[in-house]
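Chemist: From first to last, the protein sequence lines are chains A and B.
For reference, each letter of the first sequence is one residue, going 1 to 360 in this note's numbering.
For reference, each letter of the second sequence is one residue, going 1001 to 1306 in this note's numbering.
Calculated from the structure, these hints are not laboratory results.
The C-beta atom is built at its ideal place from N, Cα and C for all residues, glycine as well.
Some hints could be false.
To be verified - Calculated Cβ distances over 10 Å to all of chain A for the following chain B residues: (1) GLY1032; (2) ALA1106; (3) ILE1176; (4) GLY1197; (5) LEU1221.
To be verified - In silico DSS-like pairs for lysine-lysine, Cα to Cα no more than 25 Å straight-line: (6) B:LYS1203 x A:LYS113; (7) B:LYS1100 x A:LYS73; (8) B:LYS1142 x A:LYS73; (9) A:LYS73 x A:LYS107; (10) A:LYS113 x A:LYS94; (11) A:LYS94 x A:LYS107; (12) A:LYS273 x A:LYS223; (13) B:LYS1203 x A:LYS94; (14) B:LYS1203 x A:LYS107; (15) A:LYS273 x A:LYS251; (16) A:LYS251 x A:LYS279; (17) A:LYS65 x A:LYS94; (18) A:LYS107 x A:LYS3.
Said to hold, decoys possible - Quick list of the computed label-pair ranges, beta carbon to beta carbon: (19) A:ASP184 x B:ILE1081: 58 to 64 Å; (20) B:SER1295 x A:ASP184: 40 to 46 Å; (21) B:SER1295 x A:GLN125: 20 to 26 Å.
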Amino acid sequence: MPKIRFEQIEKYYGSVRVLPPLDLELDDGEFTVLVGPSGCGKSTTLRIVAGLEELSGGEIYFDDKPISGLESKERDLAMVFQDYALYPHMNIAKNMSFALRLNRTPKAEIDEKVNRVAEMLNIGQLLDRKPAELSGGQRQRVAMGRALVRDASTFLFDEPLSNLDAKLRGKMRTELAEMRDNLDKNMIYVTHDQIEAMTLGDRIVVMSEGIIQQQGTPEQLFKEPVNRFVAGFIGSPTMNFLDAEISETGKGVTASGDGFSLLLDGPLAQRLKSHSSKKVALGIRPSSFSDDVSVGPTMDLRLIVSEYLGAQSTLVTRCGSEEVLVEHNSSIPPRAGATMTFALRTDEVMAFDTETGIRI
Amino acid sequence: MTAASRINRMTPYLFLAPAALVLVIALLYPIGFMIYASFLDWRPSQYISEAEWVGLRNYINLASDEAFLESFGVTLRFAAIVVTLEMALGVGLALLLDRKLRGMAALRTIFILPMMIAPIVVGLMWRYMYHPTVGIFNRTLKDWGFDPIPWLSDGSWSFVAVVIADVWQWTPFIFILSLAALQSLPQSALEAAQIDGASGWQKIIYIKLPLMMPVLIVAVLLRLIDAFKVLEVILVMTNGGPGLSTEILSLRIFRTAQEFQELGYAAAMSNYLLIMLMLLTIAMFAYNSLTERRSARLRAAAQEDA
């Protein structure tokens, strides 16, 4: 498995720059997820690795060997496309064995490989059907199977689950996670869905406007986001951002804004001291609120809607004029319009510079 | 059933009636007339009622008429050769030009120009170009120091000459259809093939051509039907000669009616041609409904599984 290194790769379409110079290193055997909103350059990056797009500048190295001059087939990779990209005129067995047949692999070996992968993906009974005769989920599996049969050293996934319905997507996500643990391959996975990113990635690369915002393990991104974009992108329900003014009092640091005033302590308070009498954006995860008012400073929130999800509810509340999401234990059903008091676990609160968005 | 609802049920037929009438007068009557005429020994100087009823004699005679069979052979040969050449050239050009080139739109318009010229004009144009002394081909050959070619005065060459003219005029038709088919191919399947390691040729052979096949089959059938009916270009260029070397069936029919004044015999020939074209058309419809039914079945199967 090669170690993949991007060095100052750039992509222009005419005079439009879609990818500013970008550096990235992917370790051997890693499952890397490129995640970001549409148009952030993640798919372009993947297609450049695949050889479907040419680089406008920079170089990609597989184990220190530059690959930009190589054809797709010389890069030893397999790819799963968003729309599956099956060959409509070939049956499933032919679809899966296309690459091997081009290679003039002996027939017995082809049959053995196709059957093994089909067995693994549970599509053995579909081998003589055409893609049009399959449902979306089955096509997805075939696309996956076609990549697996190749036995390439690097696997590329371009939003493979985004055309499936929610239930199937969840199922395939689990199967992919299982596959990831069983295969010792480089995998690069592109998605806009942060849940997929969090469940699948050994390492997540968050991109926005062609720029890598942050990379790290799911836990790092969730707990230590470097800026407001990453904090808002990772985590579900999404983080609340409240504008607040910082003031230093005798007891510590107070952050106050429209409808709240919080006395902060701990390391965050220390870091905020230098921002005294300045504005910051407070980042509070919906899970940082607690019913138990003894855990920290409190906020009064007016309930607008309660999204009942079973054991948990997501409460859409208002604090002053800002909307605030709260994760709440559903045992006592709250009443819309009521004002509720929640305590904040202040060690989970983050603060961001209002101008640069960088975490303080 | 009330009177009102009965009238309501009749309404669609009332609306269809004028179209049906036009169809009967303009299409069915002439065809019926021709079929009727093919059973007669009929000269232009006679009223049709005076013509002698000869039953199937015209058809039977035709089956052993050497000139007719020769024409039939020329037509088959002509159609097979031009359609093969046009398919190869048209599809080949489409594969070559299926890319983003500057000025592609203008180039495409120029490519389809021959198709837009009236066949008579095409015939005249080529006849001048093939002219033994002042035509561009022989003048060029002479300039380069070669012997002139008897384009229209030698049996083999004149067949080649009409084939070239037809290929020139109708290759663009195949080209345009193939290009449209190519550009509607699923792009991601081609990308998948590239990742799977297919070379340019392998992509054409294993992915592009099979996926274009439905369009190509219809294109072949349309061109075959047209090639069997070709008349004007050849009439103007060679008038079927020299000898019978370029006398295609429609030209033979034309001459039988005009020069030999045997209307019934010509009608019988027309019917042979009609039967052959019918078979081709039925083949085309059958192919279409077959593919439609197949895709409907596939869709149904996929939905059941989902």
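Chemist: All the hints need checking, so say for each whether the structure fits it.
Modeler: Hint check results:
1. With a minimum CB-CB distance of about 44 Å to chain A, GLY1032 (chain B) clears the 10 Å threshold, and the non-interface call stands.
2. For ALA1106 (chain B), the shortest C-beta to C-beta distance to chain A comes to about 21 Å, beyond the 10 Å cut-off, and the non-interface label holds.
3. Residue placement check: ILE1176 (chain B) keeps its beta carbon more than 10 Å from all beta carbons of chain A (closest about 23 Å).
4. Not every beta carbon of chain A lies more than 10 Å from that of GLY1197 (chain B), the smallest distance being close to 3 Å; the non-interface claim is violated.
5. No beta-carbon of chain A comes within 10 Å of the beta-carbon of LEU1221 (chain B); the shortest separation is about 20 Å.
6. A C-alpha spacing of about 23 Å is found between LYS1203 (chain B) and LYS113 (chain A), which places the hinted pair at or below 25 Å, so the restraint holds.
7. In summary, the hint linking LYS1100 (chain B) to LYS73 (chain A) is supported, as the alpha carbons are separated by about 24 Å, within the 25 Å threshold.
8. This hinted pair does not check out: LYS1142 (chain B) and LYS73 (chain A) have alpha carbons roughly 52 Å apart, beyond 25 Å.
9. The suggested pairing of LYS73 (chain A) with LYS107 (chain A) holds, with an alpha-carbon distance near 21 Å, which does not exceed 25 Å.
10. Of the pairs offered as hints, the one joining LYS113 (chain A) and LYS94 (chain A) holds, with about 12 Å between alpha carbons and a cut-off of 25 Å not exceeded.
11. Taking the CA atoms of LYS94 (chain A) and LYS107 (chain A), the gap is near 12 Å; set against the 25 Å cutoff, the hint holds.
12. Distance hint between LYS273 (chain A) and LYS223 (chain A) is fulfilled; the C-alpha atoms sit about 22 Å from each other, no more than 25 Å.
13. Restraint check: the Cα-Cα separation between LYS1203 (chain B) and LYS94 (chain A) comes to about 15 Å, which is no more than 25 Å; the hinted pair holds.
14. Annotation: proposed proximity of LYS1203 (chain B) to LYS107 (chain A) holds, straight-line Cα distance about 21 Å (limit 25 Å).
15. The straight-line distance between the Cα atoms of LYS273 (chain A) and LYS251 (chain A) is roughly 12 Å, inside the 25 Å bound, and the hint therefore holds.
16. Taking the CA atoms of LYS251 (chain A) and LYS279 (chain A), the gap is about 20 Å. The hint holds against a cut of 25 Å.
17. For the hint pairing LYS65 (chain A) with LYS94 (chain A), the CA-to-CA distance comes to about 33 Å; that exceeds 25 Å, so the pair is violated.
18. The straight-line distance between the Cα atoms of LYS107 (chain A) and LYS3 (chain A) is roughly 32 Å, outside the 25 Å bound, and the hint therefore fails.
19. For the hinted restraint 58 to 64 Å between ASP184 (chain A) and ILE1081 (chain B), the CB-CB distance of approximately 59 Å keeps it satisfied.
20. The beta-carbon spacing between SER1295 (chain B) and ASP184 (chain A), approximately 42 Å, falls within the hinted interval of 40 to 46 Å.
21. Between SER1295 (chain B) and GLN125 (chain A) the C-beta distance comes to about 22 Å, which sits within the given range of 20 to 26 Å.
When each numbered hint is compared with the structure, violations occur for hints 4, 8, 17, 18.
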